[in-house]
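Chemist: Chains H and F supply the protein sequences, listed in that same order.
Residues in the first sequence are numbered from 943 upward in steps of one, following our numbering.
Residues in the second sequence are numbered from 12 upward in steps of one, following our numbering.
Honestly, the hints are just simulated from the structure, not real lab data.
It is possible that part of the hints are untrue.
[Claimed, not checked] Computed list of lysine-lysine pairs in DSSO-like fashion (alpha-carbon distance at most 27 Å, straight line):
1) F/420 x F/430
2) H/1241 x H/1318
3) F/27 x H/1174
4) F/396 x F/423
5) F/462 x F/442
6) F/367 x F/430
7) F/346 x F/328
8) F/92 x H/1299
9) H/1174 x F/65
10) H/1291 x F/460
11) F/92 x H/1265
12) F/346 x F/357
13) F/462 x F/439
14) F/353 x F/367
15) F/369 x F/340
16) F/455 x F/442
17) F/353 x F/339
18) F/455 x F/430
19) F/357 x H/1174
20) H/1189 x H/1008
21) F/92 x H/1291
[What the hints assert, rightly or not] Among chain F residues calculated to face chain H with C-beta under 8 Å, some are:
22) 88
23) 91
24) 101
25) 257
Only a predicted model underlies this, so the values are computations on that prediction, with no experimental measurement involved.
Just so it is clear, CB atoms sit at the ideal spot from N, CA and C, and this is done for glycine as well.
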Amino acid sequence: MGRGTIEKLGAIQQGELSATENVQQALDRIKKLDKKIKAFIELNPNALAEAEAVDCKLKRGEHMGKLAGLTIGIKSNINVKGLRATCASRTLENYVSPYDAEVIRRVRDAGGIIVGMNNMDEFACGSSGETSSFGPTDNPVAPGHIPGGSSSGSAAAIAAGMCDICLGTDTGGAIRNPASHCGVVGIRPTQGLVPAHGLIELAVSFDQIGPLAPDVYGAALMLETIAGHNPKECTSLDSPSVNYSDKLGIGIENIRVGTSSKFSELTDSAVMGVIDGAVEKLHDLGAEVVEVELPNLEKSLSAYYVIMFAEFFSATRKFDGRKYGRRIEEVCGDEVLRRITCGDYISRKDQHDRHYKRALQVRTLMRREFGEALNKVDVIVGPTVPKLPHQLGTKLSPAEMYAYDYLTSPINLAGICAGTVKAGEASGIPVGLQVQGKVLGEETVLRVMRALEAVK
Amino acid sequence: MRMKIGLEVHEQLATKRKLCCDCPTDYREDPPNTNVCPICTAMPGAKPMPPNVKAVDAVIELALMLGCEVVLDQPIYVQRKHYDYPDLPAGYQHSSTPIGINGELVGVRIREVHLEEDPGAYDPVAGTVDFNRCGVPLVEIVTEPDMHSPEEARRFLRQLMRVLDYSGKVRPEPGTLRADTNISLEGGTRVEIKNINSTKGAYRAVKFEVMRQRALIERGAVIPYETRAYLESQMITVPMRMKVVDFHVIPDPDIFPIVIDRARVETIRKRMVEAPHQREQRLVKQYQISQAVAGVIVSERELADLFEAVAKEVDPKLVATWFQTNLKKVLNYMKLRATEVKFTHKQLAGLLRMVKAKRITPEQGELVLRKLVEQPAEPEELLRKLGLGRLGRAELSAAIARTIEENPKAVKDYRAGRKEALNFLAGKVMKLTRGRADPREILKFLSAKLKGKKKRRVSRRTKRSK
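So here's chain F without its partners, still in its complex pose (with noise of 0.2 Å):
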């Protein structure tokens, strides 16, 4: 069954100050109700201040990244949506018009992209509301009904998340985002799902949603158009009680139309981040490295971002295959994210010039890399402190000998043809060598020296018989 998803996501902006007031955006830390003033709190007669600069070049900066066309030298109105609910103090919540248009994620067409305002929290057991939140401003992105199927929307989703932690212009705490979906099954009505704050939570939702629909479709039912909630504890939507059917929109009189021209887009556009979609095509091209690859580098920003630093002074292939397989391990291992990795890409740089150059072994590498996550330092001192670094001819050779004599049954086996013996003595060998040798190259003149040995002593006992 055909199925039509579209989605508004909002998230709140990464500002110091509210929309329309001084006041702090924090509402997680500071005691209910005291990042608050007359204008946030819609006292009688405040006016608002016009509108912050910073939250405005955000949703422009977020626009361009969605490949939107940025609506120029038009007036942008700051309208009133008028809904009654204890959350909202004046009664209206500030919304633009479009500030972004026609863009592209993934596919998705993104229909719009525009500035909201936070309404308070309201606890409807405790019967409070705490309005340090009342103000915040936020992003809302509308995609158009692009999405065939839950997955796809999963997918959208991420690809959306990225973008905005790539951004750096939306708060990074977990639990910001609201993802209100629009559902409509061929042959059904469109149903908003409102309450969704995860991923995984609109990919349930929709999930249950066709699920639902389906039923009532083929048992011939109508689908009411309506507005539902999704619970997250049951994972289920249930209908919402909505009486708002018109939001009264009129333009806030109270303050002036934004207009933004070419010059600050362009100055925006110069300093953005580069959208991670675009990024990984254009490391694909750059660096000659696979898309399963670049996708791996691109998933953090901070993580692309020491790949090319370290790409610049290193082999790029090389540092690839270390980002996507040993950096990666050692940060999933370790439940870091690249934002916090402390190390300089100089460091990163000579650990892997060292490999590349064969003084140490890739797994003594991984060792080193492990230590400079841990206690960033330059990669020589590192593997002092480690004692590693790579063994002379003659120290291997000196303990491959020893490994022989001190294990002759292993020996005896091997030559009998028991190939796995030769792994044995390999572990003892770096056991030995406290991990300092590379396997290759122990393996290598291991069986060297044991054939070599073998030969020998049959052209030895040759001699004596001859």
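Same shape as in the complex, but just chain H (with noise of 0.2 Å):
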């Protein structure tokens, strides 16, 4: 551990590291400091023997994929063949996939070794890690601190150098929000780029799945083994692939990077110090800084979180008792109950009108907002959460938790890209840049915070 993805792959490939001793020194880590960071629901009992097949394979000299014996880690809200997919969730809690997501598939079609489900806010309801059914993660860079979430236990097996990579799911910020808090690169993708099947939805419409790692080239390497076009998925978009991690160096002269008053306006001054340094180390670097307009963003919010009940609701309909566990209501926590009982009320046929259809006229909005000001800029760059993560076990109300995901929130409403990078600390706290993108902007997105992150 220790070291940045690039050279791990390259130990890997000339046989100075193996994947075996990748996974053992993995799974070593995770038992010396998992009890207290609980970043892992189960682990892959069968991973180091996978790592011996890549191993073979290697010595053998035979073609491997990208992420060749690299460790990888599932939220529990992916399917993973054989592994609980829990959900952090006691209605889950002995469900064991019988298939696996498209996105394992992948993963596993490129050499990577899943070493186990990490921890995660139950159905991924909470930006803070502390919804967990098996109990918070905490934060590894800043212990005692919340390490944000939902994708809780990824980004903190990150931070903690429990595996190389991480896969997460972000609905409303749950791969930002953590990757912000703990210090770690991680990309909400463009809505549809990365397939869905195999992920067990918080709210379908707004659902990515994407890398958490520790640097941008290994985001960047999952990314480009996740991403494209599943033809047996509804919403799954059919575009072109492209190798990210070959043009993360060309720099960013001349890119037109936006900023906007509102990030200051919702975000406390101790985070918006460290993005606005950020902000003047892309413009020294040749970015052109430019200010845009995004008059509605504080709507999305509750636009959000209108929308996701209502899915929510629907996408635990399956959760009766009949099939898996026990039944969703009986057993859920405070946070996944209140969702469920809000979607109910929200999708009321004589409530329809004046809640849910007015969140989607709001989506809609923010999609015009947003791709108007990406026609004026590459990419729009701000804080990725309005304040520092609070302490675990703080007592928050509902519409304080909420608040977290002000800025992440609006991207999953328009359905375009954005990362996180570490932009600096603020009280020992890491606060990351969020860089937003348009449709199928990944490239620029990830050029821009390997720039940032090459600068530190």
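Since each chain sits alone in its own frame, please combine them into the complex, following the hints.
Modeler: Structure follows, in structure tokens:
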């Protein structure tokens, strides 16, 4: 551990580090740290065997995929055949996946070795990692603070060096938020870029699977592995495949970077100070910094929650206690129950026009607003989370908790892509810069992220 | 008492694959829960495939056959309809917004035609669910409340079933129909009856409902708005326990809306089957046949196809008569549907040409037809096999002469004025010629001969006496 993804891959390919050794190191580190951090819910009992198989192929000189020998952690709402996809919920605590999600198939094909299933907020309902039925995850780089959520275990596992790359999911910010709090790299891809088959949904129309990694290269590598059309899925985009990792070093001269005064209105000054510093760095690297208009940005949060409640209510109807464990309402935590209850209400026939329909209109508005802003610039940069992570166990009202998503959820409404990379620290706690790109603008987003990462 | 009846008819589409996955649609023959996958059993995380194009095309075609406008260039949402029941693994059923609207069939307006998905089959007694059926595409046809009696409802359903059969787009096996029926009597409340799965069932259920509701109204009772179930075995309806009052309908975020363009509709229109009620009118005009005959001919699509093929080669009026009487009779007798007929239209045309040319009698024709249905072959060959073929004049004369000679008593009776003796004699001739002679001709010649002989004899006597 401790080396970058490129160096690690080089060491594996040149035989300096075997896949088996890499997996063993990961398992040792998990064993040592995870009692305290709780980044994993379950480990893959076959990880070492799978690593040996990879080593055999490497020794024979067989062509190996991009992730050959790397250790991968998977968020517990993604189906991995033979492992439990619990969604960190009692409802699914004994649900062993009978099939691989499409992204898992692609990770396996690329030689990635799944070490285990990461902890998360229950059914991805949370922005702090505290709603997991298996206990909250600690923040490895700011102990005693929340790691953010809902991909809490994924971000913490990367930050603690427990594995090389993780797959998280982002519905309203669930990759970017913990990436920011834990000081790691996270990408939420354009809606439909990464196949969703096998992802147990929070809200289908916002969910995206994406990578969390210690560096931009690792995130780019994972993204290019899992991205691409799946014809068997309705909402999968038919987009050309891109080798993001090859183009990271191009630099950002002449790239137009947008900022908005809206961000500072919604964000704590401590966080904003770090972000302003990062924007200055981008400017120094040759980017042109331009002010853009996002007049309705603050409207997105409530629209996001309304749509998500309705879709979550619908998605959880299958957990009726007949097939998987117990009926969800009987065993879930308060936050999950709150969302189901709200969704039940919102999707009622007599309420439909009042909330749901209007939220869909805001969604269209957000698409247009970001579309117009991104016509003027290549990316929009700003803070990821408006405030620093609270201390584990602090009581927050639902509204305070939801406010963590103020700056991330608009991207999910707009259906565009965004990544988070560490911009600096405030009071010793990492602060991530959010780089927001056009539809399928991942390549540019990653370049900007890499440029900032390289200055550090 | 005036009443309004509206129907919501569901029928399974005859696609090979389910609506949102690749599983086969066979749920009758295959062992339970074998034609299933993570998608149609709604395993956590499974995402639907794009809706089966053939199912959507089938609904478009049915909408067109029912005179609907197809909803063009607008999003047609596949929605989620939520309810909690063991047969529904996802907790919701897929149901599209209208694909066709504003149609009409035999005077009943069709409000909409859309796509739905069948749930699994739950057996409450055994407590088991078979998900083989889950995800099989359905068409749902919703009428306006334009029927005003049980008879009208039955008539409409019959016509509708004929259209569906005709299309070839729905599953041919019986028992796949479901007709939810809404009925309200003047001064009453709308009541929905579910669990109706035949035309007869719909008729009986409505009849019972009318009786029940009328009795309530007469007693001054209020009819509650409710959903009732029809019990086939007892021919009554009973209140259904319905927990669902709100389906929480939302567009399925997993499925992009379907958008249908004009080109797609026109392609379907070009290759689609003509609806039976439209075909009936065309046949009347084109072949100058009566409405009644046309009605019989279009009762089955294959029968009408056969008719039109044969009518191209032989006098359509003769063909029509034969279809209405002889062919229908033979098929009914042998309990065959037109689709099961094996002979070619050329063979039937050949047979009818012989009848037309009076090479054989209509009665012989029917014998050949029967053989043709049993074991298709060229009519000439069948004729030979049956030992038929119209008798020559000489042969017929000889048979008549022999009959007269062998039956003096009957001859005497006839001459004594007993007309029925002629039929007896004609029967004897028929027997002698083994049915190869035309009965009309036998009668003609026989009576001529008997009269002629008499005359001749008289004249001879006259000669002698002279």
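Chemist: Does each hint fit the structure? Answer for all of them.
Modeler: Hint check:
1. This hinted pair checks out: residue 420 of chain F and residue 430 of chain F have alpha carbons roughly 13 Å apart, not beyond 27 Å.
2. The hinted pair formed by residue 1241 of chain H and residue 1318 of chain H meets the criterion: a straight-line CA distance of about 22 Å does not exceed 27 Å.
3. The straight-line distance between the Cα atoms of residue 27 of chain F and residue 1174 of chain H is roughly 17 Å, inside the 27 Å bound, and the hint therefore holds.
4. For the proposed pair residue 396 of chain F and residue 423 of chain F, the alpha carbon gap of about 38 Å is over 27 Å, so the pair is violated.
5. Proximity of residue 462 of chain F to residue 442 of chain F is assessed by CA-CA distance (about 22 Å); at most 27 Å being required, the pair is judged to hold.
6. Under the criterion of a C-alpha separation no larger than 27 Å, the hint pairing residue 367 of chain F with residue 430 of chain F is inconsistent with the structure, at around 30 Å.
7. Taken as a hint, the residue 346 of chain F and residue 328 of chain F pair is honoured in the structure, with Cα atoms around 25 Å apart against an allowance of 27 Å.
8. Restraint check: the Cα-Cα separation between residue 92 of chain F and residue 1299 of chain H comes to about 17 Å, which is no more than 27 Å; the hinted pair holds.
9. A hinted pair counts as satisfied when its Cα atoms are at most 27 Å apart, and residue 1174 of chain H with residue 65 of chain F qualifies at roughly 16 Å.
10. For the hint linking residue 1291 of chain H to residue 460 of chain F, the alpha-carbon distance of about 89 Å lies beyond 27 Å, and the restraint is violated.
11. Among the hinted pairs, residue 92 of chain F with residue 1265 of chain H is consistent with the structure: their alpha-carbon atoms are about 20 Å apart, no more than 27 Å.
12. At most 27 Å may separate the alpha-carbon atoms for a hinted pair to count; residue 346 of chain F and residue 357 of chain F meet this at roughly 23 Å.
13. Restraint check for residue 462 of chain F and residue 439 of chain F: satisfied, since their Cα atoms lie roughly 18 Å apart, inside the 27 Å limit.
14. Proposed proximity of residue 353 of chain F and residue 367 of chain F is supported: the alpha carbons are some 23 Å apart, at most 27 Å.
15. In summary, the hint linking residue 369 of chain F to residue 340 of chain F is supported, as the alpha carbons are separated by about 21 Å, within the 27 Å threshold.
16. For a cut-off of 27 Å, the pair hint linking residue 455 of chain F to residue 442 of chain F stands: about 17 Å separates their Cα positions.
17. Between residue 353 of chain F and residue 339 of chain F the alpha-carbon distance is near 15 Å, which keeps this suggested pair within the 27 Å criterion.
18. With a C-alpha separation of about 13 Å, the suggested pairing of residue 455 of chain F with residue 430 of chain F holds against the 27 Å cut-off.
19. A distance of roughly 47 Å separates the Cα atoms of residue 357 of chain F and residue 1174 of chain H; the hinted pair therefore is violated under the 27 Å criterion.
20. A hinted pair counts as satisfied when its Cα atoms are at most 27 Å apart, and residue 1189 of chain H with residue 1008 of chain H qualifies at roughly 16 Å.
21. Restraint check: the Cα-Cα separation between residue 92 of chain F and residue 1291 of chain H comes to about 11 Å, which is no more than 27 Å; the hinted pair holds.
22. For residue 88 of chain F, the shortest C-beta to C-beta distance to chain H is roughly 12 Å, which exceeds 8 Å, and the interface hint is violated.
23. The interface hint given for residue 91 of chain F is met, as the beta carbon of that residue sits about 5 Å from the closest beta carbon of chain H, less than 8 Å.
24. The beta carbon of residue 101 of chain F is positioned within 8 Å of a beta carbon in chain H (closest approach about 5 Å), and the interface hint is therefore held.
25. For residue 257 of chain F, the suggested interface contact is upheld, since its CB lies about 5 Å from the closest CB of chain H, less than 8 Å.
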